[in-house]
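**Q** Use the sequences and the hints to build the structure in full.
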Amino acid sequence: MSTATVPVAGASPWDRVRGYRPPSRYLPVLATFALFVGLFGVGGLRYEGFADPQVFLSLLLDNAFLIVLAVGMTFVILTGGIDLSVGSVVALSTMIAARTLELGWSPYLAMATVLVVGAVLGTLMGLLIHYFDIQPFVATLAGMFLARGLTYLINVESISISDPTFSEIAFSTITLPGGYYTTWTVVVALAVVAVAAYVLARTRFGRTVYAVGGSESSAMLMGLRVAAVKVGVYTISGFCAALGGLLFAVYTLSGNSLHAVGMELDAIAAVVIGGTLLTGGRGLVIGSMLGVLVLGTIQTFISFDGTLSSWWTRITIGLLVLVFVVIQRFMTRRQS
Amino acid sequence: MRKVLAHQLVWPVLALVVLLLINVVATPSFFDIRMQDGHLFGSLIDVLRNSAPVLLVALGMTLVIATRGIDLSVGAVAAIAGAVACTYIVGSDEGAVGTAIVACSMALGVCVLLGLWNGFLVAVLGIQPIIATLVLMVAGRGLAMLVTDGQITTVNNDVFSDLASGFVLTLPVAMLVALLVFGLTALVTRRTALGMLIEAVGINPEASRLAGVRARTIIWTVYVFAALCAGLAGLIIAANTNSVNANSLGLWIELDAILAVVIGGTSLAGGRFSLTGTLVGALFITTLEKTIPNIGIPSEANYLFKALVVVAVCLVQSPKARAALRVRRPAPLVAKAATS
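As you go down the protein sequences, you meet chains A and B in turn.
Residue numbers are given in my numbering: position 177 of the first sequence equals residue 177, and the series is strictly consecutive.
Residue numbers are given in my numbering: position 44 of the second sequence equals residue 44, and the series is strictly consecutive.
If you are wondering where the hints come from, they were derived from the structure by calculation, not from laboratory data.
By construction, the Cβ of each residue, glycine as well, lies at the ideal position given by its N, Cα and C atoms.
Possibly wrong hints are sitting among the right ones.
Said to hold, decoys possible - Which residues of chain A face chain B? A few of them, derived with a C-beta cut under 8 Å, are:
1) L128
2) Y131
3) F132
4) L146
5) R148
6) I268
7) A269
8) L278
9) W311
10) W312
11) V325
12) V326
13) R329
14) M331
**A** Have a look at this one:
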C-alpha cells in the first residue's frame, strides 16, 4: 500500500536519493539558496566577469555589516518582535567610534564602548517591551529616534576616522588560494553567523527563542525563561547593530549622523527573504545571510548592467519581500 | 474637577500648553501675531502651517490604527504623490491653473490605487498590516524615483505653490486644507455609524464580520483614506519647496504621524480612536520641532526629545506601569475611609 513512501530494505541508493525529501523547515532556506544561485547564474551568463569568485567575495565584503544586522534581527523576529532601531544604532556606533577616536581614546576602548552602548540600548528596549507590554514596534521606534538624536547631539557634521588600527583592519587583506582575497570584516561577519547558528540550534537559550516565537503563553506555561529570552533577543540585536556599526565604520572610515538611513528595512527584508516567518517561531540564521547575499546580488546585477538605474534595487527588493510574504501567508494558511 | 482630569485629552493638551510656555519664556514674542502683506504672520501661525502635513498623515493613520492596523508606507506614498504632480507640471503647460489642478488630481488618483493595493494585501490576503505596508515602504521611494527619473524636479506654478505658502482670508491654505479634512473626517466618522464600525473592526474583526459589519470593505476604506491623506500631505510638502526630491520627501513622516496618534490617546491595540487627540498630537510635534532650536539645542536633536515623549506616553498608557505605580503609592487613608 504505502510501499512508495516507506524505504524498503534493499532499496538501491538511487531510490533513496530519489525519495529524499528535505525536512520542511529547510524548504524556505533552500528556496532562498536556489534564488541566490539562480541570480548568480543568470548574472554569470549575461555579464562577463560576473561569475568570478572575487565578485562573490566582494559581495560578502560589501555586505558584512548587513549580515551582522540581519543576524540580530533574526533573533528578534523569531520571537515575533521587530527591531526598527538597528539603522540608527549603526549610525550612532560609527559616530561614537569616530568621536572617541578623535578624543584620543585607545581604539580597543572605543570599540568596547560602542558594543556596550549598543547592547545597553537593546536591553532597555527589551525591558520596555517585556515588562511594560509596549509593542515592539513602538518601543524600538523610540529607540530609533533616541539613537538618531544622540548621533546628532555628538556632531551634526561627518567625522572621519584616521586611527591606524581602524585603517589597518580596513585595508589589510587575507589572501586566499587562487589569488583571491577577503578582509577581516568578512571573517567577523561569518563568525557571527556561525555563533548565532550554534546558539539557536544547540543551546537552551536558542531553543527557548523558537518556543517563545511559536507561542509565548505555552512557553510560559512550560516554565521556560520567557522574560530572559524576550529581553535577551533585543540585547543581541542591539549588540549586533553596534558590531555592524563598527564594521560600517571600518568600511567607510567615517562617522556620520546620516549613515545607514533605512538600513533597518534592508535587514528586515533580508530576514524575510531568508525564509524566517514574521510571526515568529520558524527560521534560520543561515537563511538571513542568504537573504543579504540575494540583496547584494541584485545590487551587483544593477551595477554590472549599467543601463538600469539604482532605484530598481529598491523596487526589486520590495517585490521580493512581497513574493516571500505572500508565499509565507499561503504556507501558514494551509497548515492551520 | 475630577471629571476634567479624567478626560483623555487632559494630558496631551497639558503637554502642549507646557511646551508653549517654554517657548514664551525662551522668546517672549512667541505669541505675537501681526498683519503683514495682507495675512497673519507670527510663530504660532508658522506652527499651524507646518503642522498641516503631519496632521493630514496622522488623520489617515488614526483610522488605520483604530482597525488594529498600521500604515508604514505613507512617507513613500507622499513621495510618489509629490513626484507624480511635479513631473506632470513640468511636462505640460507649466504655469497654468488647469495644470496644477490636473496634476494634483492625478497624484491623488495614484494614491487611491496605492491605498487599494495596501488594503488588498491586508484585507484580502490577510497579511499583517506592518508587513503588508512595509512592501510599499521599501519599494515606494524606488517608484517615486522612477517617476522623477532620479532627478530633483523643480516646478514653477503659482497655484501649486499656493497650496503650501498661499493665504486665504489671511489664513494659510495648508492649514485650511488640513482642518477641512479634519472636519470632514470627524463629521463622517462621528455623525454616522462609520466611526463605530471602524472601532468594532478594531476590537474584533471576526466578531464584527459575524455581526454583519463588512469588515473587509471597512479595512479597505481606511487604507485608501490613509493613502489619500498621505498624498495630500506629499503635495503640500512638495509645494512648500516647489520641488520634489524622491529620496527625502516625507522621510520619517510615518513615524511622526504614529507619534501624533499615540500622543493623542488612540490605542495602538485598536478599537478606540480620538481625532481631536490626533490634532493635539500633531500640534504638539510641530511645536516641539519649533521649541528645540528656540531653546538653543541643534534642531536635529529633536529626535531625542521625540523618543523621550514616545516612551513617556507609552508608559503612561501601559496598564502594567500604572499598576506598578499604584502598588508603591497606597491609597490615602481618607479615601479608604470614604469607600468603606
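**Q** Honestly, which of those hints from before does the structure not fit?
**A** 14
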